[in-house]
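Heads up: the sequence lines are chains A and B, in that order. For reference, each letter of the first sequence is one residue, going 1 to 222 in my numbering. For reference, each letter of the second sequence is one residue, going 1 to 222 in my numbering.
Because the hints were derived from the structure by calculation, they are not lab data. Heads up, the beta-carbon is just placed ideally off N, CA and C, and yes, glycines get one too.
Chain B is nowhere near these chain A residues, computed Cβ spacing over 10 Å in every case: (1) Ala25; (2) Lys50; (3) Gly168.
Result set (PhoX-like, lysine-lysine): computed pairs, CA atoms no more than 25 Å apart in a straight line: (4) Lys214/B to Lys117/A; (5) Lys50/A to Lys206/B; (6) Lys50/A to Lys117/A.
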Amino acid sequence: MWSFYFNELMRSLPFFLKGLWMTVAVAGLSLIFGTIIGFFGGIMRAGRNKPARIIVGAWVDLIRGTPFLVQIFIIFFILPGIGIELEAFPAAVVALTNLTASFICEIVASGILAVPKGQREAATASGLSYYEQLRFIVLPQAMRSILPPLVGQYVLLVKDSSIVSAIGVVDITRVGWLTVQRIPEGLMVFGLVGLLYFAVCYPLINLSGYLERRMTVVSTKL
Amino acid sequence: MFETFNFRIILEYMPLYGQCFLATLWLSGLSLFGAIVVGIISCAMRLSHSRILRSIAGVYIESIRSTPLLAQLYFLYFGLPTIGIMLPEWVTGVIALILNSGAYYAEIIRAGIQAIHFGQIEAGIASGLSYFQRMRYIILPQALGNTIRPMLGQAIILVKDSSLLSLISIMELTRAGQLLTSERFMPTEGFLTTAAFYLIIYYMLKAFSGWAEKRLIFQEEH
Numbered sequence: 001m002w003s004f005y006f007n008e009l010m011r012s013l014p015f016f017l018k019g020l021w022m023t024v025a026v027a028g029l030s031l032i033f034g035t036i037i038g039f040f041g042g043i044m045r046a047g048r049n050k051p052a053r054i055i056v057g058a059w060v061d062l063i064r065g066t067p068f069l070v071q072i073f074i075i076f077f078i079l080p081g082i083g084i085e086l087e088a089f090p091a092a093v094v095a096l097t098n099l100t101a102s103f104i105c106e107i108v109a110s111g112i113l114a115v116p117k118g119q120r121e122a123a124t125a126s127g128l129s130y131y132e133q134l135r136f137i138v139l140p141q142a143m144r145s146i147l148p149p150l151v152g153q154y155v156l157l158v159k160d161s162s163i164v165s166a167i168g169v170v171d172i173t174r175v176g177w178l179t180v181q182r183i184p185e186g187l188m189v190f191g192l193v194g195l196l197y198f199a200v201c202y203p204l205i206n207l208s209g210y211l212e213r214r215m216t217v218v219s220t221k222l
Numbered sequence: 001m002f003e004t005f006n007f008r009i010i011l012e013y014m015p016l017y018g019q020c021f022l023a024t025l026w027l028s029g030l031s032l033f034g035a036i037v038v039g040i041i042s043c044a045m046r047l048s049h050s051r052i053l054r055s056i057a058g059v060y061i062e063s064i065r066s067t068p069l070l071a072q073l074y075f076l077y078f079g080l081p082t083i084g085i086m087l088p089e090w091v092t093g094v095i096a097l098i099l100n101s102g103a104y105y106a107e108i109i110r111a112g113i114q115a116i117h118f119g120q121i122e123a124g125i126a127s128g129l130s131y132f133q134r135m136r137y138i139i140l141p142q143a144l145g146n147t148i149r150p151m152l153g154q155a156i157i158l159v160k161d162s163s164l165l166s167l168i169s170i171m172e173l174t175r176a177g178q179l180l181t182s183e184r185f186m187p188t189e190g191f192l193t194t195a196a197f198y199l200i201i202y203y204m205l206k207a208f209s210g211w212a213e214k215r216l217i218f219q220e221e222h
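For reference, chain B alone in the conformation it holds in the complex (with noise of 0.2 Å):
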């Protein structure tokens, strides 16, 4: 298999690597930010004290917990034009994502503010400080401690995961090493270069936590 790398293949295909590899960048970095969103409200919907947004927002977790993500971008891409909805496919793949991860990223951060211990909250329940002085001074500040690493760990499953859109005839990462595949018939050239970019990703998301949680875990153990 190696006696035969083409390199000079992988070259003449870089141009197109390089606009794949912003175009992983880019949607997973979209569906990242709107996913901490999502991820946030449902998370405040779950922890509410109303029962109907706490049972919309479980309902909502645990079904997207439940079923896979490529069954969860099907239903979306066959199902929405069925109602009337026509999107592009990227718009389709990023509204996927986001409400997959978001699922998830509320769960991270329910976990984050529920250890923290109750007795912080009757502290600041005592010194007079408001709800959102509470949450704006203590709860937050040790729930992002708590949570940084998960986050990042869920934020590289996204980035993997956003190669699944390549199923859907989106641009990316993973497209590249399948055109490749069925331009020159070059499956070995085409997927171990998209799994070097790949790696690539991951080393740096994966530095990046062990770098935020060093920090970040001296401020909690004050």
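The following block holds chain A by itself, in its conformation from the complex (with noise of 0.2 Å):
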């Protein structure tokens, strides 16, 4: 019997890709739209305006605070009431944009305000405007303690993206969800799952671990 559900679960490996392919699609495209957005929050939470920072520091909070499987239902059950109908697809990634993207605020905003105040004062000092200064002096150097809990919030989202699935999103889990309900071996079902986001996430988790440890041996040297 399990060498025939197994020969069965070979036969159903494309739809296993497809689902691959729809984790990877979700993932990457608010991997792209959740970093731009965090990097511009940060800057706004690490600078002078106070209100932009209350406002900035309270959407954090509440993205934080609340599980996102809630936020996802939120977006997908209660934004149609007020005129903004998603599908499904849509809907995931702008939920899963808005998590990835207080995310990384955060981070960029820690790695900010971690940069030595004395290097601003100088930047000051010789005349560089606070946007040249951010470019030029604060965010190459805040780079370094951003990249490797960056690449980790990276993997995070794909394991995040699982959460999608509830809402009828035919990624990886759904298809392992689908597949379970015909081939009843929960074991090697969810295995497979499990083997194909290990094959995701695996690589970033080491190149997060790798850029931690380079980085750091960089400031130490300094």
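Two chains, two separate frames, one set of hints: put the complex together.
Here's what the structure looks like:
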């Protein structure tokens, strides 16, 4: 029986690869948008404008304080009530972008604040404007402490993307859920699902660890 | 959306929300306790001298960290019955949460222990302290100071992750929102109330984290 189910599972492998592609598409799009929005949010959060700081801080708290599953239900079920109707795929991308942006915002803000104050003062003394300071002095140095947790956040993004299966996006997890109705071998089916996630996440985790080691070595040399 | 916000229906469902709030609290409390125990054990295995124990802990931690919780949850939920282990849903859910957070706790504790300067241990040896005395009086008190913040951060993540248990039909906060959606078709009221309850837990843990950090970091400075 076991080998019969195994053959069945191998036959539905293309279905799993389609799911993998969907996971990569959802996570990849959210990664791009989330990084861009997160950097702007982080610069605002570490910036001079107090109202902007407070608003961004409240947004980050709201996103951090609620489970992603609830957020995606809110976007999928409640936004149509105010006239924004989204299909499952765009809704998933919007929800994941929002989540990732809020976390990246915190990473970027703390990276900017970790740059010693003297750097900024020296830049002011050299007559650089606020944006020139950010662009040429602060951000390049902040990148060192931003990069490792940023890649770590991308791992979380891939893993959190499994939750969009709850609104019917056919990603790897959803494919596993659908397959297990037909092939009742939960360990085998979700073992394969786990393996596919592992193939995406494990290199990213190692990249994050590598960056962390590299960046710390450089900073202790200084 | 908000002109038609129906507070009466929330009031009517308040007993259900109260019940579900408590369910979320004790499900995540139980998982938190189990996860810390698992974390301590697997961290000890990871740092032990035995190569076998080290690699078992390594495989466990790496495979948990590179797959999503939802896939792990489905793995147990659909997989355990196929090998003849029948458990109530909530037990499966708590096991999944414990195994998942346990791996993260192992990493947090390990980072906390390894952040302690080696000179501290040498000084302990030079003073004639035994291994357990060094652990008890030198390493663990400092490691606790280092790790209290990430530990509470992981506790917040654990509470939010417990929302996924609603997908295997366990009654908890997110499930209450889903019920309000399916019984009365009121997703706005349902999920915003759910989110509000999660925010209560989040802000309490966050305040506690700030308080604990102030007290424990102070001790560490000496």
